[in-house]
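**Student:** Use the sequences and the hints to build the structure in full.
Chains as they are written, first to last, in our numbering: chain A, 1 to 502; chain B, 1 to 72.
Because the hints were derived from the structure by calculation, they are not lab data.
In silico DSBU-like links for lysine-lysine, alpha-carbon gap of 30 Å or less:
#	chain 1	residue 1	chain 2	residue 2
1	B	35	A	56
2	B	35	A	399
3	A	284	A	161
4	B	4	A	456
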Amino acid sequence: MKRTVAKGLPACLGLSLLLCVFALASCAGRTPAPAPLAQPDETRIVIFHSNDIHGKIDNFAKVAAIIDAERKGGADVFYFCAGDNFTGNPVIDQYVPPGEPMLELLNRVGLDLLCPGNHEFDYGLEHLRTFAARARFAFISANITAADGLFPQLRPSFLLKGKSGVRIAVFGLIQIEAGNGLPSTHPDKVKGLAFSEPLARALEMKKLRAGSDVLIALTHIGYEDDLKLAGRMPELDVIIGGHSHTRVDTAETINRVLVAQAGSDNRFLGRVELRVRNGRVIEKKGTLIDLKVPLAEAADVKDMILRFNQNPAFARVLAEAPFVIEGKDALGSLMTDALRQAHGLDIAFQNGGGIRLNRLPEKITLKDIYTLDPFGNQVVQFAMSAAEIRGLVTASFAKGNDIDLQVSGLSYVVRTDSERHITEILLRAADGAPLAEDKKFQVGVSSYVASSYDFKHEDPGRALGSTTAEALIRFLESRPDLSVYRGIQRAVQDPPAPSRPY
Amino acid sequence: MQIKVNGQAVEIFSGARVRDALRKYSRAEWKLVQKNEKIVCDGRGHPVGLDGELNGGEELLIAVCAVPEGRS
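**Tutor:** Here you go:
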C-alpha cells in the first residue's frame, strides 16, 4: 500500500515502501486473509505493534508475513514499536555492530515509528544515533530533549497519512526513574539528554488533536502509567505501550481511550484496528496475534534470521590467559574483579551457582563468557556496612554450609564449630587489614543474589543497567593481567569443608 | 522501592524486574512460575513477562492459569 507522511518525510520511508512491495513476492505459505473493506465513506486503519522485543528475532518471519498480507488489503496499514529492541539476546547484543539484526529486520518489515525505550540506550547514544541514521523509520519521544546534533533523528511527534488521507498524529513517551529522573539504563549512556516527566509532558501534546483525525500515544512507560495517562487525557484515541511486558489480550478502554500492549520477546504481535468516518474514530479494538503457533513465514526474513543466528562474533577471542583458569575460586575472583572494575565498586560478590563452567580455556571467546554466565543477571549496587556484608556472607554460607560467595575487594574467613555452625566471620580489606566497621562500602552483586539471598541492608539498592556478563566482557577486553588467577583463594572456611582443600 | 505481590509488600531494589520481585516474595512460588504451573499478572489480571520492569507501587498477582504463558 502507499503511505505518505504529511510532515518531515524521511527519504527512508519511501524506500521502505519499495521493499515492502518487493517483499510481498517472497512470502511463502499460509497468511491470514485481509479483513473486508470498510464502507465507502469510512477508512479502516490497522496498526500492528510490538514492544520489548529484547533481541528475540525468531518470530519476525511471521510478523513480516502478517503485515505483508494486511498491506495487500484495503486498509491503511502501519507498524509501530513501543521500545526496548535491544538487550536480552547475546546474538543481537554482541553482533558487530551491536543490534544490527534488529535494524535490518525492522527496516524489512516496514516499521513506521519507534518510541525509544530505556534499553534503546544500552549500547550508548552514539550507537543509537548511527542506528537511527540508517533506520527507515522515525524515532519519536516527546519527553526527551537532546542538545543540538546529539540525536537529530529524534522528534516529539510524527504525523502519518495513509492513502485515505486520514491524518494520524503520534507522540512518544519514555519512562524515567523516580530517583534520578533518568530512564532505567546506565546514566553514562544518556549523557547530554534531558528527560521530563512523561504524564505532564503528554498533556502538552493535546495540541496535536487540532491538526489530526486520530491521536495516538506510543509509549514506553509501563501499563499502569498508560492507564493513568488514559484517565487524564481523553483527547487520545489510542495508547500503544511497552516497558512492563504486559500481555493485554484484548485492549482495554479507559476514559474512551483504547490501551494496548503486546507482552514481550516477540511472542505476540499487537493489532489495533480503527474505523474513521468524517475525521472521527467511530470504532476501535485491539487484539493480539499469537506468534508461537504455526503461521506463514516470509521466506526472505526467515533467511535473514538464520544468518543472524549464526553470529560469527561468538568465536571472537576476548583475551588470552597464560593458563587454563579453573575452579570456582579463580573464576569467581575473575568475575567479581570484572564487576568491580566495570562499575567502580569497592567490593563485589558472585554466587557459586552462577558460575556455570569449571574452566575457561587459554583463548577465552565470547561464547565462553555466555556459557560461564548465561543468565542475563543485572548488576545491583548496595551501600553496605561491614556488619551488613557479614550478614550477606552468613546468608550465603547457610545455603549449603559451605563457601558460596566469591569476592573481589576483600577476602574473608568463615570460622565454624565442630557442627559447622558459624562462630566468626573475618573480613579483610584488599591490603589485609580488618575491614573498617564504621564505613559504608559500595558493593555489587548480581540481581539473583540481590533478590534471592536473605540479608539485611539499609540501602534498598539499585540496578546499574548492565549485566554481569557484559562487565566480564569489558574487563577481558581491557587486557587485565590474568596470571593472578592461578591458585587464587579469597574466601576460606576454617576448618575447611571435607570436600574443599584449605 | 516497594511492590505488592499477592497483596504482600515486597521491598526490592530500584530497576528490579518481575522475576526479582517474585524471588524475593517466595522461592516456592517462583519455582512454580518457572515451571509454568503459575503465571504472573498485574493488578488488572493481565499476564506480565518475567523480565518486565517494575516501578514502585505496582502490584503483581501469582495465579494458576488454564493455559500458562509459554504453552500453546
